Amino acid sequence: MTDKVNGEKNKSRLTKISFLLALFLIWEFVPVWTNSAKIIPPFHKVMVAFWTNLWHGDLLQHVAYSLQLIFTGILIGMILAFVLTALCIVSKRFNDIMDVVISIMHPLPGIALLPVVMLIVGLGAKSIIIIIVHSILWPLIVNALAGFNSIPKIQIELGKNLGMKGVKLIWLVMIPNAFPYILSGIKISWARSWRALVSAEMVFGASGMVGGLGWYIYKTRFFMDVSGMFAGLISVIIIGMLVDEFVLKSIEKNTVKKWGMSV
Amino acid sequence: MSSLQVNNISKSYQLDNKELNVLNDISISLDSGDFLTILGPSGCGKSTLIRCICGMETPDSGEILIDGKPIDGIGPERLMVFQDFNQLFPWKTVEENIVFPLKLNNVSNNKVELNEIAEEFMDIVNLKQFRNAYPNQLSGGMRQRVAIARSLALNPKVLLMDEPFGALDAQTRAILQKELYQLWEKFKTTIIFITHNVQEAIILGSKIIVLGLMPATVKFETTNTIPYPRMPETKEFMSLWKELYGHLETKRF
Numbered sequence: 066m067t068d069k070v071n072g073e074k075n076k077s078r079l080t081k082i083s084f085l086l087a088l089f090l091i092w093e094f095v096p097v098w099t100n101s102a103k104i105i106p107p108f109h110k111v112m113v114a115f116w117t118n119l120w121h122g123d124l125l126q127h128v129a130y131s132l133q134l135i136f137t138g139i140l141i142g143m144i145l146a147f148v149l150t151a152l153c154i155v156s157k158r159f160n161d162i163m164d165v166v167i168s169i170m171h172p173l174p175g176i177a178l179l180p181v182v183m184l185i186v187g188l189g190a191k192s193i194i195i196i197i198v199h200s201i202l203w204p205l206i207v208n209a210l211a212g213f214n215s216i217p218k219i220q221i222e223l224g225k226n227l228g229m230k231g232v233k234l235i236w237l238v239m240i241p242n243a244f245p246y247i248l249s250g251i252k253i254s255w256a257r258s259w260r261a262l263v264s265a266e267m268v269f270g271a272s273g274m275v276g277g278l279g280w281y282i283y284k285t286r287f288f289m290d291v292s293g294m295f296a297g298l299i300s301v302i303i304i305g306m307l308v309d310e311f312v313l314k315s316i317e318k319n320t321v322k323k324w325g326m327s328v
Numbered sequence: 455m456s457s458l459q460v461n462n463i464s465k466s467y468q469l470d471n472k473e474l475n476v477l478n479d480i481s482i483s484l485d486s487g488d489f490l491t492i493l494g495p496s497g498c499g500k501s502t503l504i505r506c507i508c509g510m511e512t513p514d515s516g517e518i519l520i521d522g523k524p525i526d527g528i529g530p531e532r533l534m535v536f537q538d539f540n541q542l543f544p545w546k547t548v549e550e551n552i553v554f555p556l557k558l559n560n561v562s563n564n565k566v567e568l569n570e571i572a573e574e575f576m577d578i579v580n581l582k583q584f585r586n587a588y589p590n591q592l593s594g595g596m597r598q599r600v601a602i603a604r605s606l607a608l609n610p611k612v613l614l615m616d617e618p619f620g621a622l623d624a625q626t627r628a629i630l631q632k633e634l635y636q637l638w639e640k641f642k643t644t645i646i647f648i649t650h651n652v653q654e655a656i657i658l659g660s661k662i663i664v665l666g667l668m669p670a671t672v673k674f675e676t677t678n679t680i681p682y683p684r685m686p687e688t689k690e691f692m693s694l695w696k697e698l699y700g701h702l703e704t705k706r707f
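Heads up: the protein sequence lines correspond to chains A and B, in order. Letter by letter, the first sequence follows residues 66 to 328 of our numbering. Letter by letter, the second sequence follows residues 455 to 707 of our numbering.
What the hints contain is simulated information worked out from the structure, not anything from laboratory work. Honestly, I wouldn't trust all of these hints.
[What the hints assert, rightly or not] Selected chain B positions facing chain A (in silico; Cβ < 8 Å): (1) C508; (2) M534; (3) N540; (4) L592; (5) M596; (6) F674; (7) Y699.
All figures in this text were calculated on a predicted structure; none of them were measured in a lab. Glycine included, each C-beta is placed from N, C-alpha and C at the ideal position.
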């Protein structure tokens, strides 16, 4: 039984790795064969550019700056989402108001807000953080509220029957029950925050002294450093994959998957 | 373990502007340590009755007394075991599901003592080897056992059971009936057990009540003195079965 499961796991891992290898091979040789290496540099060139720019160039600085902006944005977004969701749960009236706010704000792309944000707070890290917060706040709230609305009635009754009410009931019964939805909101936010950061920087350039990865990609394109441009893209992909694989998936595996609560 | 008095409770619901009388002037009197099974056709309001006793719903009139004192809302002195298998906390293991309510109700703050209680009750329901399992890894019957163990560990004044075995297969059901009866003999907890299964009502109950169709009224009441184990093929079992079945109205469609 476990052998079978492990076998399947290994097979699945093997498939994924083989696919990536095939992709890298195609990337390596097709540009050369088709004489388009100037537009799409072969894989090894991109990797060399990635490596040298990371350790000898300024890529690492850009990565660090991006991560700093993203984590600030996610932290603020999560705190705001927590407060607003809590108010929605406590007050039906507030929930009604939030309904309207969400239907106005949720479909609005962060990048569309950029001109307004720039007018109000000016150029700089602040406006990028505001765009990131906007991009993740609404999906976080929408998911959390969906989670709270889908709590089985029996779980609430059970909690009350066992002697819980008020904050205790929310903290010990409702939040764990809503957790699968909250987690899926966080996963969406992670992807969304990158989109917001990169696109915002491409539109209005460096924020602060160095600028993040969006600015890096823009800059390398401007100087026709195509390998560097791809190196920037690869950085975004690698960070995304690392966090997804080692943070988000491992949280998922140790919580909702283990409990059989996946959405 | 406590005595329970249900005095003339009635309840109606509003359904599409029509008033639906669910419970009509129901009175029940239980001594400490009674095991009451309530029989009634599906949809007769037996769940509403037990939910009123639990405090999840409030009757329109009448009173419910525990040891002579009126009940005050929902709380752990009247614990419910539901039919739904989803009555454990999915993010807690079997052991944690039993320990958590104990901690919550300050049964003990001593970790060792809490673990001893959990140990005892996991042993009673034969789930010791599953102590670290999560509910989604357990079968329906095991989950119901955990729910019963959790409730008994809290030592409620009255244990309320709303068709807890209703969704189980026949074999598991028979096993759990036997286990529950033995637990009752051991702890002498006052139990109210809802069922629509006549055989189950006879196997378990020391008192049996039959409710009529909407609005539910007490149609028949009897004491069950058949010695244990109660085998369906015995004469006295069969005659009680016939009598109860005769009182049990079924809806005609």
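Comparing the hints with the structure gives:
Because the closest C-beta pair between C508 of chain B and chain A is about 7 Å apart, less than 8 Å, the hint holds. Here the hint on M534 of chain B is kept, as its CB sits about 5 Å from the closest CB of chain A, short of 8 Å. Given hint, N540 of chain B at the interface with chain A, holds; its Cβ is 6 Å from that chain's nearest Cβ, closer than 8 Å. A hinted interface residue such as L592 of chain B counts as satisfied when its beta carbon comes closer than 8 Å to some beta carbon of chain A; here the least separation is about 10 Å, so the hint is violated.
Checking M596 of chain B against chain A by beta carbon gives a least distance of about 14 Å; that is not within 8 Å, so the hint is violated. Hint on F674 of chain B is violated. Least Cβ distance to chain A is approximately 30 Å, over the 8 Å limit. With a cut of 8 Å, the hint placing Y699 of chain B at the interface with chain A is violated, because the nearest CB-to-CB distance is about 31 Å.
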